Amino acid sequence: MEKKEYLNLYHQMVLIRRLEEQAAELYQQGKIGGFLHLYIGQEAVSTGLISARKPEDRVITAYRDHGVAINCGLPVNAVMAELLGKSTGVSKGKGGSMHMADVTKNFWGGHAIVGAHLPLAAGLALGDVYREQKAVTICMFGDGATNIGSFHEALNLAKVWNLPVVWACENNQYGMGTTIERASAVSEIRRKADGYGMKNDVVDGMDVMAVREKALNIFEEVRNGSGPQFLEIKTYRFRGHSMGDPERYRKQEEVHAWQENDPIGIFHRYLLEQKIAAEAELQEVVVQAEAEVKAAVEFAESSPEPAPEALYENVYVEG
Amino acid sequence: MEKKEYLNLYHQMVLIRRLEEQAAELYQQGKIGGFLHLYIGQEAVSTGLISARKPEDRVITAYRDHGVAINCGLPVNAVMAELLGKSTGVSKGKGGSMHMADVTKNFWGGHAIVGAHLPLAAGLALGDVYREQKAVTICMFGDGATNIGSFHEALNLAKVWNLPVVWACENNQYGMGTTIERASAVSEIRRKADGYGMKNDVVDGMDVMAVREKALNIFEEVRNGSGPQFLEIKTYRFRGHSMGDPERYRKQEEVHAWQENDPIGIFHRYLLEQKIAAEAELQEVVVQAEAEVKAAVEFAESSPEPAPEALYENVYVEG
Amino acid sequence: MTRITMREAISQALWEEMEKDPDVFIMGQEVGVWGGTYAVTKGFYDHFGPKRVRDTPISESAIVGAAIGAALTGLRPVAELMTINFAFIAMDQIVNEAAKLHYMFGGQMVLPVVIRTVGGGGRQLGATHSQTPDAIFAHFPGLKVVAPGTPADAKGLLKAAIRSQDPVLFIEHATLYQTRGEVPDGEYIVPIGKSIVQRPGRDVTIVTYSKMLEISLKAAEKLSVEGIEAEIVDLRSLRPLDMEPVIESFKKTNRAVIVEEGWPSYGVGAEVSSRIYEQAFDYVDAPIKRVAQKEVPLPYNRTLEQMAIPDVDNVIAAVKEVL
Amino acid sequence: MTRITMREAISQALWEEMEKDPDVFIMGQEVGVWGGTYAVTKGFYDHFGPKRVRDTPISESAIVGAAIGAALTGLRPVAELMTINFAFIAMDQIVNEAAKLHYMFGGQMVLPVVIRTVGGGGRQLGATHSQTPDAIFAHFPGLKVVAPGTPADAKGLLKAAIRSQDPVLFIEHATLYQTRGEVPDGEYIVPIGKSIVQRPGRDVTIVTYSKMLEISLKAAEKLSVEGIEAEIVDLRSLRPLDMEPVIESFKKTNRAVIVEEGWPSYGVGAEVSSRIYEQAFDYVDAPIKRVAQKEVPLPYNRTLEQMAIPDVDNVIAAVKEVL
Ligand SMILES: Cc1ncc(C[n+]2csc(CCOP(=O)(O)OP(=O)(O)O)c2C)c(N)n1
Ligand SMILES: Cc1ncc(C[n+]2csc(CCOP(=O)(O)OP(=O)(O)O)c2C)c(N)n1
Ligand SMILES: [Mg+2]
Ligand SMILES: [Mg+2]
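Residue numbers (the numbering used here), protein chains in the order written: chain A, 1 to 319; chain B, 320 to 638; chain C, 639 to 961; chain D, 962 to 1284.
Misleading hints may appear alongside valid ones.
Pair by pair, the computed Cβ-Cβ distance ranges are [to be verified]:
id : chain 1 : residue 1 : chain 2 : residue 2 : range
1  : A       : Q28       : D       : E1187     : 39 to 45 Å
2  : A       : E181      : B       : E628      : 48 to 54 Å
3  : A       : E181      : B       : Q452      : 25 to 31 Å
4  : B       : E628      : C       : E657      : 50 to 56 Å
Here are some, though not all, of the chain D residues that point toward chain C, as calculated from beta-carbon distances under 7 Å [stated by the list, open to error]:
id : residue
5  : F1049
6  : I1050
7  : M1052
8  : V1056
9  : Y1064
10 : A1088
11 : A1096
12 : A1099
13 : H1100
14 : P1102
15 : G1103
16 : A1231
17 : S1234
18 : S1235
19 : P1248
20 : E1256
Simulated crosslink set (DSS-like; lysine-lysine; CA at most 30 Å straight-line) [claimed, not checked]:
id : chain 1 : residue 1 : chain 2 : residue 2
21 : C       : K832      : D       : K1255
22 : C       : K889      : D       : K1281
23 : B       : K373      : B       : K553
24 : B       : K518      : D       : K1012
25 : A       : K54       : A       : K234
26 : B       : K518      : A       : K234
27 : C       : K958      : C       : K856
28 : C       : K889      : D       : K1255
29 : B       : K350      : C       : K856
30 : C       : K932      : B       : K350
31 : C       : K689      : A       : K134
32 : A       : K199      : B       : K553
33 : D       : K1012     : B       : K453
34 : B       : K323      : B       : K613
35 : B       : K453      : B       : K518
36 : A       : K134      : C       : K658
37 : D       : K1179     : D       : K1213
38 : B       : K322      : B       : K613
39 : A       : K31       : D       : K1255
40 : A       : K199      : B       : K518
What the hints contain is simulated information worked out from the structure, not anything from laboratory work. Here the structure is a predicted model, which is why all the values come from computation and not from measurement. Ideal Cβ positions, reconstructed from N, Cα and C, are used throughout, including at glycine.
For reference, chain A alone in the conformation it holds in the complex:
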């Protein structure tokens, strides 16, 4: 991998982090409403995964979607504008934090009903198979989502029809305040794939390079007809489930312990140790990311509200 690609990955992770720290502030200021689910701590997961996709590969995820949006190449400005509900937002201000998407970038959205997008992922992959296009559909979801019926139906259907889907489970240890042990029959999430005779693997989600490596191999296999595969990605959410989470379910020590494992910090050290980049260069990336976020806020705040007519648009394509 070339140096600029390493820097690009680093840039994406920092950009997501800064974007969300900024979003948290704007939320406190009441400029962002609704639910805001931060990805902070999990940046290496989608950055690594999506860095391994080809343009024709499709991505779909749940409501914790800011990182995925950035990794899929959605403009920071449009993402920020969506958070502020502006007409310049990726979903014209109608979707908000949970519903980012850009089909031109093959990002099929943030979906807020837990598990509901898994059957959609099977359908997206079916579309490629039907048209004989060699593409992979990357479906991301959380550990908690593995307990809902649609998870079962989607994985079963994907296997029966041999659909090219990579089921990427972001195991951040909790579904809201519920630990895996209290919600799942098996604590080792990847074991669920056994019930579908599905090839599965696990990777450290705090290490972007590890995620990327795994993803590259799995995507290649799936692209070449291996059928669906399951990848468990172990990670941790540093912030609350969403803004205003009392966090009674975990100790701050636990959070701090994981923060030692900050995916950005790990990658930062890696880049220095491997002499891929110098501290100054990395600082530059950070400065640049901060500038982008600042510009995005300005763009979003100065963007127009949707016109009142927008309320009635897009209910149907035809009349």
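Given chain A's structure and the hints, the job is docking chains B, C and D with the ligands onto it.
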């Protein structure tokens, strides 16, 4: 096991067979309406399973429920009356073939929505755990039902809460006209239990004694706190899915091959070979069963239709 | 024009659209090898093959969800839910995904998906298999809901649904499959969201759809013997709901009876009568009557079930009350 | 009598019933350790313990289904669905099991289960998280549907629901939890299926429930300044639907406006207005008006969302139209 118990099992199987052969005729005559799903060929499954239960153990199944009803001790008369929609039926004529039940016999019904009764089974078991009653809930369902979301949610919940449920999958090779291979990610159904880290086993469903033995052991373990277990019971449906099934999906040779394995024939031979009973005694049982069915038809046909007011009764318990 | 059954008309529409557009395919339980539980897709599997005639597991949520996903890629899936009673299992996919995606993402997602299903009672299938909950699906903006009452409309509306860029729930009626009627051969489109007068009359307006159109027509014939001429408006689509022909007719008759098979509470009759009062208040000469199912789960027993479902006499009685 | 919030009133009802009857227990996502996503069950887990305060996986069908099963054994589960938008996932369990079992098996199965859930929009949660589809659940006989608008009713109705032998869907409103009101201490039961006059008036009848009661009361205050006295009837239960106070009021005012938060088509207003016309036709002096949500999925943008949800001005305008 005492001789009369063997004869009792034989009697139940023959009774179910004759009852359903009679029902098929009544259906042709238009005296039974709606859907009629015959259990013919699968009699050893519920007969073996339910012979191993204690009175406090609960049973719940799908719409293919005549056999289960008989095995649970519901009166033949009331079962036949239900088929004819009479007020003397087990469900007062409101349920029909798919909805037999008698809660006083701990039989919690025939349920017609595939998979919908599995969560109910978890709840029945929860009731026993809550009250600290040592009872097992036996939940029967088909191979096709293992592909629906509620199967997943129910098994997962049962394991997480360590509920005393025996998930008894009647694998009769088809869900309507769809073979397991065409509908399920794994062709060996019991493998699905692995996804829940659930102890599982498989047994020949054409051999009533084998089913009974397995059931006795499993029920004992579950009764003593092993947590839920999964039992796959291999069997075959000799008749169509329901009356009027074109059966385009299977060859008659396949059906005939299985019919060589008639569970009643197998048990009949076993009883003779083991010198448990003489041919004459078994004939007597058959004659008796036929007499019961004949009487049941008379009872049912001479029973009154539900009163018109019945239409409005039982919508609610209170007003 | 050929006189064929509703089953044949629906089958024909599917067949022709699949022949015409390679992106159209069907998926659902038993649509293939079995030939469709109601024999609607008999012969399709052999002709179009397993790629375009896809048998599925018993997974209603995945059937609808996968169809939506495939539609997002530009295909035109016709997903079948064996009966509308099972649509409740896929309810989330239908109302939270299909009905929302286009709007929620600002118009960038387009999902030309058709969900074919079968409703109605009267076959002694018991409480869970005999429902007519059409109205609850029509409650959701973003979804189109169609329920034809004649073979011709079934063909024309199904073709329109398949070509539509919007998600459409297409509700057939189990006891209408044998109903015969004149159906235009080949290309024939009936626009979604257009009600139509199925029988002209001057004395009273009967508003109905699907199976109850048949019942209403029979009632009208009997009434006509007594010199009462009922005008029958067939809604055909529940969303968008086209009131124009209804109002036009009502302004002429000043009396209306709404006939639906489902339960009255929060049903179709409630919406239609409310709109008539809202849009033609000054023309109302008598309270509008609703004829609907008794407010009970449908029982298995034939006599009781028949008592619960609206019949010709119920319609006649209602008409006489409003006159 | 103590002045407490809706949240406290609901919490109190649950707490008192659990203290009183050991067979009552709660289950649902985050009801335990978290203390309830809306803090309704805060403190319950520590006090009643994990046996009676059961956190569940994200499995809506199993939550409702297991609650039904437990209820069949004689327990009194209060199952919580985090929001009514997720109830669609459990729709089959709610309408095909809960609403049917007692009837379908001839009365032998009794299921005293309560399904608590939260509906309503106005919090910028987007199209899938802001719905008010109360009417569609009330379409099904066999199920009881309750939706309180005041803290006192919330307490009294929830206690009634928990003690009821029938399955009850108990719909709370997310933006009412902070609403304060006088609530009787201790034992207090409000019967299910009884509407009530929440504000007396002589000029117009406003029929509403849940959150829209608050909006309607505000509108009534403003109208009263202009000398218009609106009588407000709170339905409180959508099934059984008690029309008596509505009709009584209407016979006095001869004018009505129905205010609901959800979409109008096939909604609550349609049913109520139809019944008023059916039951008090001769008293109608002006077309009954429905105030409801715009027929669109709710957008995230605050301004647009607010445009879509009925507000005080909409109610006032509607009242003036019927006068
Ligand atoms: C069907 C459904 N049930 C409940 C919720 C409420 N909810 C939103 S996120 C969430 C937890 C999901 O946990 P997980 O899948 O692990 O994803 P994470 O939030 O950890 O990224 C829940 C219960 C929902 N959105 N959809
Ligand atoms: C949710 C749902 N989907 C579809 C059906 C229609 N249906 C009835 S039985 C059946 C096949 C079930 O197969 P299986 O579970 O193997 O049981 P079997 O009939 O073989 O005993 C289907 C698809 C239904 N009743 N419920
Ligand atoms: Mg998680
Ligand atoms: Mg089977």
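To see whether the hints hold, each was checked on the structure:
Between A/Q28 and D/E1187 the beta carbons are some 41 Å apart, a value that agrees with the proposed interval 39 to 45 Å. At about 53 Å, the beta-carbon gap between A/E181 and B/E628 stays in the expected band of 48 to 54 Å. Between A/E181 and B/Q452 the Cβ separation comes to about 26 Å, which falls inside the hinted range of 25 to 31 Å. A hinted range of 50 to 56 Å holds for the C-beta pair B/E628 and C/E657, which are about 54 Å apart.
Checking D/F1049 against chain C by beta carbon gives a least distance of about 4 Å; that is within 7 Å, so the hint holds. For D/I1050, the interface hint holds, since its Cβ comes within 7 Å of a Cβ in chain C; the closest pair sits about 5 Å apart. Checking D/M1052 against chain C: minimum C-beta separation of about 4 Å stays under 7 Å; hint holds. Here the hint on D/V1056 is kept, as its CB sits about 6 Å from the closest CB of chain C, short of 7 Å.
Because the closest C-beta pair between D/Y1064 and chain C is about 5 Å apart, less than 7 Å, the hint holds. A cut of 7 Å between beta carbons decides the hint on D/A1088: the least distance to chain C is about 4 Å, and the hint holds. For D/A1096, the shortest C-beta to C-beta distance to chain C is roughly 5 Å, which falls under 7 Å, so the interface hint holds. For D/A1099, the suggested interface contact is upheld, since its CB lies about 5 Å from the closest CB of chain C, less than 7 Å.
Because the beta carbon of D/H1100 sits about 4 Å from the nearest beta carbon in chain C, less than 7 Å, this interface hint is met. A cut of 7 Å between beta carbons decides the hint on D/P1102: the least distance to chain C is about 4 Å, and the hint holds. Taken as an interface hint, D/G1103 checks out: its beta carbon lies about 5 Å from the nearest beta carbon of chain C, inside 7 Å. Below 7 Å, beta-carbon pairs count as interface contacts, and D/A1231 has one with chain C at about 4 Å; its hint therefore holds.
The beta carbon of D/S1234 comes within 5 Å of a beta carbon in chain C, closer than 7 Å, and the hint placing it at the interface holds. The criterion of a C-beta within 7 Å of any C-beta in chain C is met by D/S1235, whose closest approach is roughly 4 Å, and the hint holds. The closest approach between the C-beta of D/P1248 and any C-beta of chain C is roughly 4 Å, which is under the 7 Å cut-off, so the hint is satisfied. Proximity of D/E1256 to chain C holds as hinted, the smallest CB-CB distance being about 4 Å (cut-off 7 Å).
Restraint check for C/K832 and D/K1255: satisfied, since their Cα atoms lie roughly 21 Å apart, inside the 30 Å limit. With a C-alpha separation of about 26 Å, the suggested pairing of C/K889 with D/K1281 holds against the 30 Å cut-off. Between B/K373 and B/K553 the alpha-carbon distance is near 23 Å, which keeps this suggested pair within the 30 Å criterion. Restraint check: the Cα-Cα separation between B/K518 and D/K1012 comes to about 24 Å, which is no more than 30 Å; the hinted pair holds.
A distance of roughly 23 Å separates the Cα atoms of A/K54 and A/K234; the hinted pair therefore holds under the 30 Å criterion. Annotation: proposed proximity of B/K518 to A/K234 holds, straight-line Cα distance about 27 Å (limit 30 Å). Using a Cα cut-off of 30 Å, the hinted pair C/K958 and C/K856 holds, with the two alpha carbons roughly 15 Å apart. Between C/K889 and D/K1255 the CA atoms are separated by roughly 27 Å; this keeps the pair inside 30 Å, and the hint holds.
Among the hinted pairs, B/K350 with C/K856 is consistent with the structure: their alpha-carbon atoms are about 27 Å apart, no more than 30 Å. About 25 Å separates the Cα atoms of C/K932 and B/K350, which keeps this hinted pair within 30 Å; it holds. Between C/K689 and A/K134 the CA atoms are separated by roughly 17 Å; this keeps the pair inside 30 Å, and the hint holds. This hinted pair checks out: A/K199 and B/K553 have alpha carbons roughly 27 Å apart, not beyond 30 Å.
Distance check on the hinted pair: D/K1012 and B/K453 sit about 17 Å apart at the alpha-carbon level, within 30 Å; holds. A hinted pair counts as satisfied when its Cα atoms are at most 30 Å apart, and B/K323 with B/K613 qualifies at roughly 23 Å. Simply put, B/K453 and B/K518 have alpha-carbon atoms about 19 Å apart, close enough for the 30 Å limit, and the pair holds. With a C-alpha separation of about 25 Å, the suggested pair A/K134 and C/K658 falls inside the 30 Å cut-off, and the hint holds.
With a C-alpha separation of about 22 Å, the suggested pairing of D/K1179 with D/K1213 holds against the 30 Å cut-off. A hinted pair counts as satisfied when its Cα atoms are at most 30 Å apart, and B/K322 with B/K613 qualifies at roughly 26 Å. In summary, the hint linking A/K31 to D/K1255 is supported, as the alpha carbons are separated by about 25 Å, within the 30 Å threshold. The hinted pair formed by A/K199 and B/K518 meets the criterion: a straight-line CA distance of about 22 Å does not exceed 30 Å.
Figure legend: structure checked against the earlier numbered hints; every hint is met.
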